[in-house]
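Chemist: Letter by letter, the chains look like this.
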Amino acid sequence: MQYVFDFGAVFQAPYLEWLIQGLYTTLALTGLAWIGAFALGTTLAVIRLADVAALNFLISAYVAFHRNVPMLVHIMFWYFGVPAMLPMAWVDQINAVGGEFLMAMIAIALVMAAYIAEDLRSALRAIPSGQFEASRALGLSYLQSMRKVMMPQAFRIAIPTLVNQTLLLFKNTSLAMAIGVAELTKAAREIENVSFKVFEAYAVVTVMYLLLSLLIMWGGDVLARRSRLAGGH
Amino acid sequence: MITFHDVNKWYGDYQALADINATVERGEVLVVCGPSGSGKSTLIRTINRLEPIQSGRIEVNGEDITRKGANVDEQRSHIGFVFQQFNLFPHLSAIENVTLAPVMLKRANKSEALEQGMALLDKVGLAHKAQAYPAQLSGGQQQRVAIARALAMKPPVMLFDEPTSALDPEMVGEVLQVMKALAREGMTMVCVTHEMGFAREVADTVWFMDAGRIVETGTPEGFFTNPQSPRAQKFLSEIRH
Amino acid sequence: MWEILSDNWLLLLIGQYPNGPMGGLVATLSLAALSLTLALPFGLLLALGRLSSRRIFRYPATTLVYMVRGLPLLMFIFWAYFFVPLVIGRPVAGFTTMVVALVCYESAYLAEIIRAGIQALPKGQMEAGRALGLSHSQTMRRIILPQALYNMLPSMMSQFVSTVKETSLAYVISVQELTYAANQLNSVLLVRPFEVFALLALTYFTLNFILTGIARLVELRVARRRLAQPVQAVPA
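Protein chains in written order, with this note's numbering: chain A, 57 to 289; chain B, 56 to 296; chain C, 1182 to 1417.
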């Protein structure tokens, strides 16, 4: 079967615009979801430390639910299911700003927050117990101890896993295409649908994903190295 | 039995062994001692090539083990090695640990290996623990099984790398007892150890090492009562306190 | 929501069988089990490649693992969707495509698990095997791998849970597993999307919660028979 490879075609308009738009959407989705996931995950981890039984149970339930249900199902739940329970006015508002993007972002952020909360929890447990006692003994309040002593150490320990979660988050944005978000994978499909250059379209997008992933992994390495204390930790 | 010719070894820039020239005769029981970092463990590990050397030659049983193209696995099967950390295989029972190598390397069929293995376990006093797993055995028991495992290959020479250093004091005796019995049977043995009592009782020769060199050699009596070199004198006075 | 469940549980369980291929929850589980099982030998090869002292094995293995880690599963699925039929020369069922994609994807993750398991063993195990005269591969086969694979059982079980979740992506290529069945249901009922998708989420939750529980039991069992570090002994 004769097949002429034509990579040049993929980079012509309008395909190039689709690619750039897709890349932009993917990055925006990744960035915004990451901020949400990180903020929520950290908050949950800190709340857990207060060791209130009822709160612990709620947070454990949250984590268990978001980790056991597939990401795609979360996205579908938020996009198809949740609007059905909201008042019409809200739904119109949401759709005005771009419902698919918003719902995908919320779903991804909530799920990754669960993973981040768990990672920070293990990291906090890995800190020698004397640390917290020492800071309280010096007179620092609970919040101050958290901010200045515990969380910085926890983050340092958790960097490898957090980088992994970032990578996972980035890859999960591709699932948003299932509800119509015009991110990178969808761009590949669109190009392939119209131009029939299946291999070229997918190859280009594959390379883009790989480059971005390598960038994230490399950035993580740099971060880990920079945060390493003298004498190794 | 074992000969070192101009052996030198480096780890990067650090010289671990320097100009080793020495011989171990058949049937000789040799104890190698010295301060930590002196290279005594490294030396014994070069004999079965767990450590490579950069220059020189080592002969075991007439064969140059350091020549290019030598079959390392074949050579090792004729040298018994007992580790400080025992290194028993935790997923196998004691008797399975002992019979694994003879069967896999086709030195004996399963029933022969089993018979000989049980005899060896009996010899080290652990026939009743043949079916036990390493996690169920004490340190002293594990080390004795390790000795039986090494003996199962019927090697002409046995190497012991600080065999009792990882043991609680009350278990050291049972392992030394096995080693003394082996010595009396005429086995060629090289032991890196701090157990001076053992050395005085069964060793024929003592090598004292410091900073990668063999500084002094002699009989145990001679070495322990009248060390010649200042470094040996310092070492002996320190371990007495 | 419960009446939706009681009315339609059969659809969710086995899809449109016998009026179509076996689907629903059964398809989900078979996809996951089949893919992970087939991925094991490849994962083992990749792990051994990554650990090899020879660059000719190490470089390709490491590159492959990094590539899989860097690419979303969805891209693998689309690659497989278009190119498996091309390679085989005839049309291929969605189920098969999904298996191919999952095997490629999971092999890399299994490789990392196995590699961690092998590297976690004390160095003395390999040395003891070699000191007896066993070759590298003999020691690998009889000493290292049996221990490593057993120790890694809990991690492999949680990887199975991940695979179950990943099967939901088969929806995108119209494989009739659980998520697809739920969407079918939704397009029929139309006015109850919240209940349908809540039900879908709860089904996955229950399934994976049970599987994770089993994994934890396995972990306890493995830790109990924990193949001890060398100098950890019971008093005589």
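Hints should not be assumed to be uniformly reliable.
Derived lysine to aspartate or glutamate pairs resembling EDC-like cross-links, with alpha carbons at most 20 Å apart [said to hold, decoys possible]:
{"#": "1", "chain 1": "C", "residue 1": "Lys1304", "chain 2": "B", "residue 2": "Glu276"}
{"#": "2", "chain 1": "B", "residue 1": "Lys235", "chain 2": "B", "residue 2": "Glu225"}
{"#": "3", "chain 1": "C", "residue 1": "Lys1304", "chain 2": "B", "residue 2": "Glu106"}
{"#": "4", "chain 1": "B", "residue 1": "Lys289", "chain 2": "B", "residue 2": "Glu276"}
{"#": "5", "chain 1": "B", "residue 1": "Lys123", "chain 2": "B", "residue 2": "Asp61"}
{"#": "6", "chain 1": "C", "residue 1": "Lys1304", "chain 2": "B", "residue 2": "Asp61"}
{"#": "7", "chain 1": "B", "residue 1": "Lys178", "chain 2": "B", "residue 2": "Glu151"}
{"#": "8", "chain 1": "B", "residue 1": "Lys209", "chain 2": "C", "residue 2": "Glu1308"}
These aren't lab readings, by the way, just hints derived from the structure by calculation.
Chemist: Are the hints correct? Go through all of them and say.
Modeler: These are the hints, each one checked on the structure:
Simply put, Lys1304(C) and Glu276(B) have alpha-carbon atoms about 37 Å apart, too far for the 20 Å limit, and the pair is violated. Proximity of Lys235(B) to Glu225(B) is assessed by CA-CA distance (about 17 Å); at most 20 Å being required, the pair is judged to hold. Between Lys1304(C) and Glu106(B) the alpha-carbon distance is near 14 Å, which keeps this suggested pair within the 20 Å criterion. A C-alpha spacing of about 17 Å is found between Lys289(B) and Glu276(B), which places the hinted pair at or below 20 Å, so the restraint holds.
Taking the CA atoms of Lys123(B) and Asp61(B), the gap is near 17 Å; set against the 20 Å cutoff, the hint holds. About 29 Å separates the Cα atoms of Lys1304(C) and Asp61(B), which puts this hinted pair outside 20 Å; it is violated. For the hint pairing Lys178(B) with Glu151(B), the CA-to-CA distance comes to about 16 Å; that is within 20 Å, so the pair holds. Restraint check: the Cα-Cα separation between Lys209(B) and Glu1308(C) comes to about 19 Å, which is no more than 20 Å; the hinted pair holds.
Violated hints, in rising order: 1, 6; the structure is consistent with all others.
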